[in-house]
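K.L.:
Those protein sequence lines, which keep their order, are chains A and B. Each residue of the first sequence is one higher than the one before, starting from 1 at the first, in UniProt numbering. Each residue of the second sequence is one higher than the one before, starting from 1 at the first, in UniProt numbering.
In short, the hints are calculated from the structure, not lab data. Please read all numbers here as calculations on a predicted model, not as lab measurements. Don't take every hint at face value.
[Said to hold, decoys possible] With beta-carbon atoms standing in for the labels, derived distance ranges:
| id | chain 1 | residue 1 | chain 2 | residue 2 | range |
| --- | --- | --- | --- | --- | --- |
| 1 | B | D261 | A | L246 | 42 to 52 Å |
| 2 | A | A113 | B | E288 | 51 to 61 Å |
| 3 | A | T138 | B | L34 | 54 to 64 Å |
| 4 | A | A23 | B | E288 | 26 to 36 Å |
| 5 | A | D337 | B | E94 | 19 to 29 Å |
| 6 | B | R228 | A | D383 | 28 to 38 Å |
| 7 | A | D145 | B | F216 | 21 to 31 Å |
| 8 | A | L246 | B | D280 | 25 to 35 Å |
| 9 | A | T138 | B | S282 | 52 to 62 Å |
| 10 | B | P110 | A | A244 | 57 to 67 Å |
[Unchecked claim] Examples of chain A residues toward chain B, derived with CB under 7 Å:
| id | residue |
| --- | --- |
| 11 | N134 |
| 12 | A186 |
| 13 | Q273 |
| 14 | L278 |
[Said to hold, decoys possible] Partial chain A-side listing against chain B, Cβ under 8 Å, derived:
| id | residue |
| --- | --- |
| 15 | A244 |
| 16 | L246 |
| 17 | G247 |
| 18 | G251 |
| 19 | S261 |
| 20 | Y264 |
| 21 | D280 |
| 22 | A341 |
| 23 | H345 |
| 24 | A359 |
| 25 | D368 |
| 26 | T389 |
| 27 | E393 |
Each residue gets a CB set at the ideal place from its N, CA and C atoms; glycine is no exception.
Now for the letters of each chain:
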Amino acid sequence: MHKLTAAALCAALATPVLAVDRADVLATYADIAQAGYTDSLTTAKTLQTAIDAFLAEPSAERFQAAREAWLAARVPYQQTEVYRFGNPIVDDWEGRVNAWPLDEGLIDYVVAAGSAPTEGTEANPAANLNVVANEVFTLSGEEVDAREITPALLEETLHEAGGAEANVATGYHAIEFLLWGQDIGAYDATAGQRPWTDYAAGDACTGGNCDRRGAYLKAATDLLVSDLEYMANAWGQGGEAREAVLGDEDGVSRILTGMGSLSYGEQAGERMQLGLLLNDPEEEHSCFADNTHNDHFYDALGIRNVYNGSYVGVDGTVTSGPSLRDLLAEADPAVADALGAALDHTQMEMTELKLAAEAGMHYDMMLDPANEAGGALIQAAIDGLIAQTREIERAVTALGVDAIAFEGSDSLDDPDAVFQ
Amino acid sequence: MRYLPTVLAAFALGALTAGPLAADVDAALDEHVLPRMERLAEATATLADAPCEADALRPAFAGAAAAWAGVSHLTLGPAEESGRARAVLFWPDERDSTARGLRLLEQQGPEAWTPEAIARASVAARGLGALERLIFERDAAPCALTLALADDLAATAAAIRDGWTGGFADLMRDPGGPGNTRFLTAGEAEAALFTSLMTGLELVADQRLGRPLGSFDDPRPRAAELWRAGVSQAMVVESLTALRELAGLLAPAPRTTAALDAAIAQAARLDDPAFAGVADPSGRFRVEALQTAVCEARNIAGDEIGGALGVRAGFNSADGD
């Protein structure tokens, strides 16, 4: 420190290097998280209201309203996925709300015409447990009393039962299965075809055990709302997740880690390339509702949001502030522009995929090995994600130098290092 | 393992090293990557040329599996393109996609066993995983399918090799050259090789050893890589040997190579070809000890080689879940 003369200090203050404060960038990042999880909570409560209304008086119209509320709830939630890999608090929690893929036979009836296991498998002996149809059953050698279906039963006993990750008893995709049912036709334009009468009273009930199915749907939805409540609060003022980011000297690296890991290993790899390589509709993220194109689109948008420091909420409210892009532009404007362009390019590819899906070519149809044009749409989006990962790595390099310059006492002892 | 591992560590790196070394990318390519890719192409061609008898196919299969273990850490470029690495071996296979894919191919019958049709089939129905089932569980029947899959595997391996020799290696040798958007600086090429090293060590610890280990209460011997062929242990030895070779070429790394030499010796002594031993306490202890040794070698490599080169590992394909 002793070498840092007044002149050097003034020079440092005068240079634009310090114009963007890293703390402000982290605050924007936390603000967008808070807005995104709060929107996720609000839309999940709307879903809860719709499901309560449906279960109180089941009808085709109310069933459809519940499905629409589920689709709307996915819009903000998927945009928060970029927070997962950079924040342990989110990653530890995420499995409860968005776990996938699932052996849906754990929850309810499945038929052999679908691609879900209809009997226990070596990896998952409980793959055909069917909790809706069974009040008492044996799980991992222990007898379970499931006469009452409660959030606690789902969360503590059934979720990831027997250590099998495919035992997804809670979260969006469990609810999705209960609202849509199995997607039977591989590579065709139909989503799951569960009839609303699966929840009807008395003789009108189809699929058996309608009251228990309703209790399951209710419990899973209530659990989703309480889980989202926890995460929205964690990002609020003084919340655990926000404080962890703001108090982290390497907070910026969390943003980059989240962006890179979601882009590459998770989205490009696990969720998209794998499905294409296996031609397997079970590899669709939202296979029951045929909503996978939106999952991918909003995941990519979430990455772009945190980079540009701007999020458009479900009610139109814009949350924005000093961004990672601003910070990077000071370190290396060319890298900042290249990353911005790469994210824009991916978003355009995702838009093309979404448009084709909305115009009738569902995501599972794109996975059909005979559908070369559909496969090319998915591949172009994957290629965009891989290309943007390379730019994110370049951003890490560009900012790494800078971060050290700001933090390392060595560099303060050697003011020249700051300007290298 | 999933969050913050590489990037965080990376921010601290540069401060430690005044003048980073430059890795010898040419040496890594000429003495490690290219010869090992050639070996994979040759070993898979040998398998494809073997007569359709289990006795002839089994040793050839083991040779191909070993050759793959020696390059499976090189997930970048030609192996990533078109999902070729997964078409060589789709593993881990948590939902038994191999059985489903193979069943579908069989149902479609011999007319679907053309090179074009197999190249379009599910990757789980192709490559070493599908061939293992046919060769070790069904005496290589139906023969036409076994041969078609072996030909397809050899073609995939040749395509990976050709990708390296026909352009990708040159991109690494000439970072920032005209039209080279893949590697803009020498540091990016070095970081890519360093990422391969680190990814490979994680693959051994978390997957090749971690999958069969499962948990103490729930060991999963049948989750071991190619356990039907009994080559799981040999693949760990091959992989560690290749990673030790790469480590030595990237930077003077006496601590890393010593740690890897010890791990290789430990792996070779296991005498548990398919990791069936993970189900009993003493066998399990030995595999766990090896896993610990590999994790330690990884940490040493990150410190010693990453520090010497002043590069950081990039994102890897196992970052998802």
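K.L.:
Which numbered hints does this structure break?
P.N.:
2, 4, 5, 8, 9, 11, 12, 15, 16, 17, 18, 22, 23, 24, 25
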